[in-house]
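Colleague: One letter stands for each residue in the lines below.
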Amino acid sequence: MALITAKQYLESVKKLKPRVYVGGKWVKNLLDNPVTKSMVMANAAIYELAEQPENKEVMVAKSHLTGEPINRNLNVARNIHDLDMRQEMALLTSQTVGTCNYRCVGCDALNSLASTTWEMDRDLGTKYNERFNNWLKMAQSKDLAVSGAITDAKGDRKKRPSQQDDLDVHLHLVEKRDDGIVVRGYKVSQSGAIGSHETLVLPGGALREGEEQFALSFAVPNGSPGLTYICQYNAYSAERELYGDDIEEMGNPVYGQRETSTMVFDNVFIPWERVFLFGETRYAGRLVSRFAKAHRMNCGGACKVGFADVIIGGTLMAAEATGVDKVPHIQEKIIDMVRLSETSHACAIAAAMRGREEPKGSGVYLPDDLFGNAAKLNIAHGFWEIIKNAGDIGGGLVVTMPRLKDLKDPEVGPVLKKVFAAAAPAETRLKIAKFLQHWAAGLHGAGTWHGAGAPQTQRFMFTVLTDFEKKKKMARKLMGMKEEDAPVKPEAKKAAK
Amino acid sequence: MEAIEVQIGKTLRGTYIGLGGTFASMIECCLRKKALPGFHKEDLIAKAELKNGNLLRLVLTGKRRQDKLMEMMEIALPNIGAYPDTGGKAAFFIEVKSEK
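Top to bottom, those sequences are chains A and B. Using the working numbering, the first residue of the first sequence is number 3, and each one after it goes up by one. Using the working numbering, the first residue of the second sequence is number 2, and each one after it goes up by one.
For the record, the hints were derived by calculation from the structure and aren't laboratory data. Be aware that one or more of the hints could be misleading.
To be verified - Quick list of in silico lysine to aspartate or glutamate cross-link-like pairs, DMTMM-like style, CA-CA up to 25 Å:
hint, chain 1, residue 1, chain 2, residue 2
1, A, K17, B, E6
2, B, K35, A, D180
3, B, K52, A, D125
4, A, K139, B, E6
What the hints assert, rightly or not - Over the 10 Å line for every Cβ pair with chain A, so calculated as not near, a few chain B residues:
hint, residue
5, L13
6, G15
7, C30
8, K34
9, A36
10, L56
11, R58
12, T62
13, E75
14, G88
15, A91
Even glycine gets a Cβ: it sits at the ideal position worked out from N, Cα and C.
Chain A with its partners taken away, still in its complex shape (with noise of 0.2 Å):
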């Protein structure tokens, strides 16, 4: 059983108990609770999309480990296909739940652990490749859903983790016993834990010699004892709890907003078997990078594509709801729309295409790093006009719109429909402008401004990945000057680094 149904994955969440926390209450059954339940239906799409056959090449992929067809979420890449298919991915569930495909940052973990392990294991003689290997095994053969939890609370940021006045701040090793370990800490900002039945866990950035017992990787089953998640709260939340199953109200009804949680892990304990990096802190920063990598170009290039184009066909009929369409200022905006979205997509196809096996031997291909970087801050700051535009082109509609119900409001219902039609009726009107405010004054433009790292992350990638000597050679010999009459020269150049 390598490929499991929506059904059998809804029945599985049936019987997983996390600890979870969401606005002041306790959630006892995640389909009970709506805010919990629209994570949760979220993942049962993305399961959903591998059985349909016209999602097949996209969603299924052969697993290296068993040859069994398996969920391209579990999948380690092995070739260039293999990165495209998976940048794929991303753009299908993306513009299938308008949401996070809550598995995406688990198989981007899961493919940086397969590199670094390898590369560990050639390095250090350790067996972390052979454990990794198994725990995928058992993983792609119950077809599990995996997120992943990289970022630390971190505390004061002028602090290094073991300088901070609580420990916690960044997840840590508390107890080292013959059978596992015991870490306790903070991971935040987390996508879609509550519902999977694993998570991954990586260290939230580089490490230095001193900072061993920060450097931890492992894989820990959500409903473990001593794991509690504090669920984001919001207006969406709050929304989506007070209409609970009448989800017709809400702007993306069955999977909603994005729904992260804070996780707490009060002395947890990891069996030897699920520890993938214990004190290596040479590693830890080339297991995140490796992990950055592959998610920039998903998260960045593919996913955040996917979600522009349901705003930009949102943004459409809202033109044609109100007249608007064939306005020339209209028709250029929504050209925009697509120039800037259609960008980052063609770095992720670059990145995936430039993609290459990391390190030499491993059988682990990843994407090109500048290329994924590209693809990531392009869209960054194209979001923004993204649902700007959506905003502009909605109206202030978007944002002052009343309930839809109240249209069916005896009283007011009549009056609202005569102030709201337009070129369509008053109720396609609304319905069209609930999607738009969704995404114009939602979560999404800030979750996608700090997704797969802040915009900074990949300005200091690009400083690092650019060889400017070289287009400064290029110059030069285009100007036809000399070396020794450039304003800096190159050897000057090299001493100052």
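Using the hints provided, position chain B relative to the given structure of chain A.
Modeller: Leaving out everything else, chain B in the frame of chain A:
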């Protein structure tokens, strides 16, 4: 992988399979944290003891029918990463009883 057999009374049996260390996770939870995985209460375990390193004897508080005990174990084990299996030779055992 580890196979764990749940034993309730003379006839009720269930086999679960998980990665190595799954039984250790169960021991950690029931003996150290005094809780059953998936049930976030501290008053559920009346008694828990480990025998011979591979048998966990659990007594749950209150009066519970055997089928209810099995339902509880069907929740407890997946929450530490063990999944139902078709059977085979188990290396670890969990014996579950009701207090009354």
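Colleague: Okay, which hints does this one fail, numbers in order?
Modeller: 3, 7, 8, 9, 13
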